[in-house]
Structures are given as C-alpha cells and as structure tokens.
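Residue numbers (the working numbering), protein chains in the order written: chain A, 438 to 643; chain B, 87 to 231.
Rather than coming from a laboratory, the hints here were simulated on the basis of the structure. Hints should not be assumed to be uniformly reliable.
As the list claims (entries may be wrong) - Derived list of chain A stretches under chain B, where covered just means 3 residues or more per stretch with a C-beta under 8 Å from a C-beta of chain B:
id, segment
1, 556-563
2, 576-582
3, 602-615
Note that the coordinates shown come from a computational prediction; the quantities given were computed from them, not determined experimentally. By construction, the Cβ of each residue, glycine as well, lies at the ideal position given by its N, Cα and C atoms.
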Amino acid sequence: MGQEIPADTTRGLRWPTGIRVGTDLIMLGTSAFSADFSGWEVNGDVDFGRYYLAADVGSWNREQTMVNGLYSTNGNYLRLGIDVNFLLKDPDRNMIFFGMRYGRTMYDERVTYSDSANYYGPYQVDESNLGAKAGWVELVGGLRVKIWKELWMGYTARMKLLPHATDNPSFESYEIPGYGLTFKNVYWGFNYQVFWRFPVKRRSSQ
Amino acid sequence: MKFARFALVLVVLSGCLNKPDCAPTATNLVKIGFVNAANQARPTAIDSIRVVGLTEVLYKGVTISAAELPLRPDLSQAEFEFFFEQRAEKIALTYNAQPQVISMECGAYTIFKDLTLTESTFVADSVITSQTSTNATVNIQLRIE
C-alpha cells in the first residue's frame, strides 16, 4: 500500500512535491536600465518538507568609469544552500523562510588608469585578473507566495558575509560578481522573484 | 539579550558604514632612515644619493637622518647609492607595484608593497614597513657607525 504524503508543510523531511524555477526581476530591471551593468539570475528550489534545497545561478557584468580610468568585472556565480520554512501547515505551502547560502564565482576583472610617480612623471596602467575566484557566505530570509496556479512570487533579503578572493595576482579584487564590493565585509542584497513551480508526482508503489 | 540586539544592529549598520577612504596614501617614495648603533636617528652629511636609472641626483650637500627615494612603477627592483662622509654605500631592493581600486569616485592608484632588501653594504639594515605610504614613518632602516 502506498504511503500518503501530506499536502501541507510539516516538520521533518518529506519527499519533494515540486521544483520551483524563477528569476530575479530587480536584476533584470537594473540590467535593462543601467548603462554600466548587465546581468541575470535564475533561482530554483525543491522542497523536502519544511526544508528547501536552494540554488541560484547568475551572470554579472559591470564596466564603470573612474575619475582616472576604467574598471570592469565579468563573471558567473553559483549559490547553494538551504532554506527553512517557518510558516507551517499552510495549505498552499506559502513560505516565510530563513536560510544560508555559500556562493562561488569565477570572473575576469580589468583596471586601466593613469597615475603619476614622483621623479618619473605620469604613466598608464593596464592590469587584469583573468580567471579569479571568490566565495562568500549569505544569511537569507524572505517569503514566497502562491499567486495563481503554479505561479509564485517572493522576496529574498541577503546578508552577504566573509568575501574571500583567490587567483587574483595582478591586484586585489574590487567587485566580486554575485557579492559586490570587496571592501564591504557585510553587504546587503535584495531579490524580487517570480517562480513557476513544476509539481513532482511520486509514483505510487505497487 | 540587550547585547545581542545591539550587536545585531551594529552588524546590520556596518553594511552601510564601511565606505573607502578617498584620501590616497599611496606613494612611490620609499622612506629610508639612518640610525646609529643605539638605533637612534643619525643626522648624516650627505654628499649625494643616486637612484640607479635616474639621471637626477638627490639630496646633494645636505645633512639628514631620513630620505625619501623613488620607486619606478613599471619595475620591481631598485638600487640606491649613498655618498656621504667619504664613504660609498649601496642597497638594492625588490618590491611589488600593484594597482588598487579605491572607488569610482576616488579612482585607482599604484601601491608599492612587499619591499625586500636584496643587497646592502651598510653595517646593518632592516625593513620596518614593507609598504610605502605617505603615513609611514620609515620603510627601511640603515645603520651607520
């Protein structure tokens, strides 16, 4: 006899009932209206009862003008983590959640600028970090609400911490794709997301 | 509990407060200090100081206990020759000239770090601070007896 899976969210691990795939509208909007930034982010999660395995994949490209030159950073990033739903026994499985992520990125950054040295005069610098890598930790919180059929919307606030970059021999990284400015040891991020949920139907046992 | 709340507020606010300092302290001048056997500043009558590769002669006919000597931003090694009190001494050092992006408003500057003495004819020498800075008191100390 097949064991019945509860439709609501309860404590403890359960067999997944659906996979949500979505995107961050804020990043798309920023990308559309910003002259120096382009990027996108795809978000996904799968439920195991009140626990959700979450993953984000994104692209982050920025080229900015400095007072004495240009700086650019381009890369892709991946975040993996777990969310815990604190809205229990909701018939629609709406969520108020907190969780953690670990982010990794591989990126190229380049700086070109003019400077002046005592006795040697003005000079130009053009340096790149190709294939630099970085990681960081995030504490996240937010909500997900079912809007219509399998359409969901939600917010995610991200408190990004502990940025650490490697393989950047030419200069210390300034902006890490997916994280932000490296000199900020605490960095805030915010997503406004839309999702489509694909139900997972468990084959009943004979 | 009050401390936990206070700590949480501090962590949250720290995301807004840590802006970069726009006043550049980067400089290509390495600060050399002359000291005696007792490790005290030693005023020295300098005939001249020469930077190998630079035609300009520095500190000609002055009495000083410290000198600021230039590093080339496109190189990673420097040699300085000191002529004083009927003596000729020399040091060679290596360094890392690296860009540092401060912010879009402040721009990028070259920092000179990892100063290492590779050769010295002085009685004793030591690297005190391995990065040049307008705030640094001395980078390299040279003992003259």
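For each hint, the structure was consulted:
Check result for the segment 556-563 of chain A against chain B: holds, 4 residues qualifying (beta carbon to beta carbon below 8 Å, three or more required). Check result for the segment 576-582 of chain A against chain B: violated, 0 residues qualifying (beta carbon to beta carbon below 8 Å, three or more required). Restraint check on the segment 602-615 of chain A versus chain B: 4 residues with Cβ-Cβ distances below 8 Å, three needed, restraint holds.
Consistency note: the structure conflicts with earlier hint 2 alone.
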